[in-house]
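Q: Sequence lines, in order, name chains A and B. For the first sequence, counting from 1, position 45 maps to 1340 in this note's numbering; every step adds exactly one. For the second sequence, counting from 1, position 35 maps to 41 in this note's numbering; every step adds exactly one.
It should be emphasised that the hints constitute simulated quantities derived from the structure, not laboratory data. One should not assume that every hint holds.
Short, incomplete list of chain B residues facing chain A, as computed with Cβ under 10 Å [said to hold, decoys possible]: (1) V51; (2) D58; (3) I61; (4) E62; (5) N63; (6) G65; (7) E72; (8) E76; (9) E77; (10) D92; (11) L96.
In this text, a Cβ means the ideal position worked out from N, Cα and C, and glycines have one as well.
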Amino acid sequence: MDDLVYLYGLIPMKEAAETSIPAVKGFDGKRDLYTIPIGNITAIVCNLDSQEYSEESIKERINNDMEWLQEKAFHHHETVMKLSKIFTIIPLKFCTLYNNQGSLETAVQTNETKMLAAFDLITGNEEWNLKIYSDDSLLKKQVSQNNPTIEAKRAEISQLPKGKQFFEKKKLDKLVDSELEEEKNKVSEKIHKHLKEFALKGNVKKTWSNDVTGRKDNMTWNSVYLISETKVEEFLEQIQQFEKDMKEKGWQFEATGPWPAYHFSSLS
Amino acid sequence: MQPASQTNGKINLDPDNAEHGLAQLVLTVIELLRQIVERHAIRRVEGGTLTDEQIENLGEALANLEEKMEELKEIFGLDAEDLNIDLGPLGSLL
């Protein structure tokens, strides 16, 4: 049986002709990366033994072998990262495999227009990620102190007998919680809108739970931006300014990049 | 990929420290029941079928229970997070 083809990314043929790819070991740690020219596009790939890396065995390891997954995901990320520093690259998702070179070529040929458009979009631009974290207990205090309705309600409740007070307090806590969520969204959306002025595109992503982030404060916002290289500095200065102004109030900002343009070159 | 700390919602049943682990387990169960009772009570109150006196009694009992729970947590050096077990794909207990 043919070897499988593991696809890391696609680059414009012109760039591939000017610069050769760095010597990097492939997914199995043995065979080197190489390029396959397909018309105007060059695919950066490595070969994998189809027995060892069958669809089932990869699924099995992704689900059950954390160490393997960590090592391989890191390899994929590192490789794509390295390539993105040299080339305009459409990065592919972890474990994008083709049965053989022929099926890869067909896939690239059918999507060529989309891919060329993606190159146009990402050339000269960088992908940056922004995560906003909030200290909810600190924000909660501010929300209930700055809200006259909540303040009035609190005063009213303190006059009630203990039993009724208990239920009213619970109700009020719920109200404060929902006000807090609203406030957090309002603030984050405003920031996002402001930052989008510096970017070509800006997309909102799902926030991560604390299990994933390993942090005590909650992730309130997660977004990605495609920014012209010339505007990146200005963009980051804006974030620093937000951080400076809002840190005391319980907000934290984490901007990371430049990333391979995963979010702005999706072919689906 | 979770850090193996005491605050990640896992019950710590270390053989040298079994007492503490057991207290954590027992308090976790009590806290779960307390919250269920509380939610149920709130529903009853909002349902509007209870008399003023019944509401007052229920509320006072729950308030006392909540206070007692705080005291117990204090005694065993546990916080709210310690009483929340991670149920994997089901999310957390509380």
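Q: State for each hint whether it applies.
A: Status of the hints after comparison with the structure:
1. V51: holds (5 Å)
2. D58: Result: holds, 8 Å to nearest chain A Cβ.
3. I61: holds (6 Å)
4. E62: Because about 4 Å separates E62 of chain B from the closest Cβ in chain A, which is inside the 10 Å limit, the hint holds.
5. N63: holds (6 Å)
6. G65: Check passed: Cβ of G65 of chain B comes within 3 Å of chain A, closer than 10 Å.
7. E72: holds (8 Å)
8. E76: violated (14 Å)
9. E77: violated (17 Å)
10. D92: holds (8 Å)
11. L96: At about 13 Å, which exceeds the 10 Å cut-off, the nearest Cβ of chain A leaves the hint on L96 of chain B violated.
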